[in-house]
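Novice: Listed below, chain by chain, are the residues.
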Amino acid sequence: DAGITQSPRHKVTETGTPVTLRCHQTENHRYMYWYRQDPGHGLRLIHYSYGVKDTDKGEVSDGYSVSRSKTEDFLLTLESATSSQTSVYFCAIRPRTGKNTEAFFGQGTRLTVV
Amino acid sequence: AQRVTQPEKLLSVFKGAPVELKCNYSYSGSPELFWYVQYSRQRLQLLLRHISRESIKGFTADLNKGETSFHLKKPFAQEEDSAMYYCALGNTDKLIFGTGTRLQVFP
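Going down the list, the protein sequences come from chains R and Y. Count along the first sequence from 1, then add 55; that gives the number in the working numbering. Count along the second sequence from 1, then add 80; that gives the number in the working numbering.
Any given hint could turn out to be false.
Computed from the model, here is a short list of chain R residues facing chain Y with C-beta under 10 Å [what the hints assert, rightly or not]:
1. Glu82
2. Tyr86
3. His96
4. Gly163
To be clear, the hints were calculated from the coordinates, so they are not data collected in a lab. Ideal Cβ positions, reconstructed from N, Cα and C, are used throughout, including at glycine.
Next up, chain R with everything else stripped away, as it sits in the complex (with noise of 0.2 Å):
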């Protein structure tokens, strides 16, 4: 497997609490994404880094902020969790973009909000 993990693996929140989901890749790579994945709408990018302090939305970014102070954390803040919030969360990694330059995935985050 690529070094990439995810923290926590599973969790359950409160509507209204603020959550921090963790990736972390031992790769050095420079491309980090956070996808959430739900029935129906596949995997939806939430926000990308594309190096130290550069990130950038994606298309359900909405109630969702990251941060990127070093090129092997990559955080995902819910500020204020709510239940549409509730889902699988894949955090990515890739080297580049381009031709031929794989994405290597974790292994997911559930968080139920309640």
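Position chain Y relative to chain R; hints supplied.
Specialist: Using the frame of chain R, we list chain Y on its own:
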């Protein structure tokens, strides 16, 4: 804008039958397309990339620029092919996925 469309949410076939999972894309330039697979309770992993024109686990995918498609095919499905399949477009900084197709192969 970049977009990936997978029109089928579920595809059910019997073992030994041919399989075709459809993927259409929207991109103004020359696309870089991938197929990823997610087996039950496992992380997503790369299955195919169009640039290498390879066959993995009997699967192939051909880029058709005229039809803006990158369909995944296998002539004889196996039970172990049952999984979730995602088509992805990765030209720019973003890596965009389709909604996925669940393939069920019955014995």
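Novice: Which numbered hints turn out to be false for this structure?
Specialist: 1
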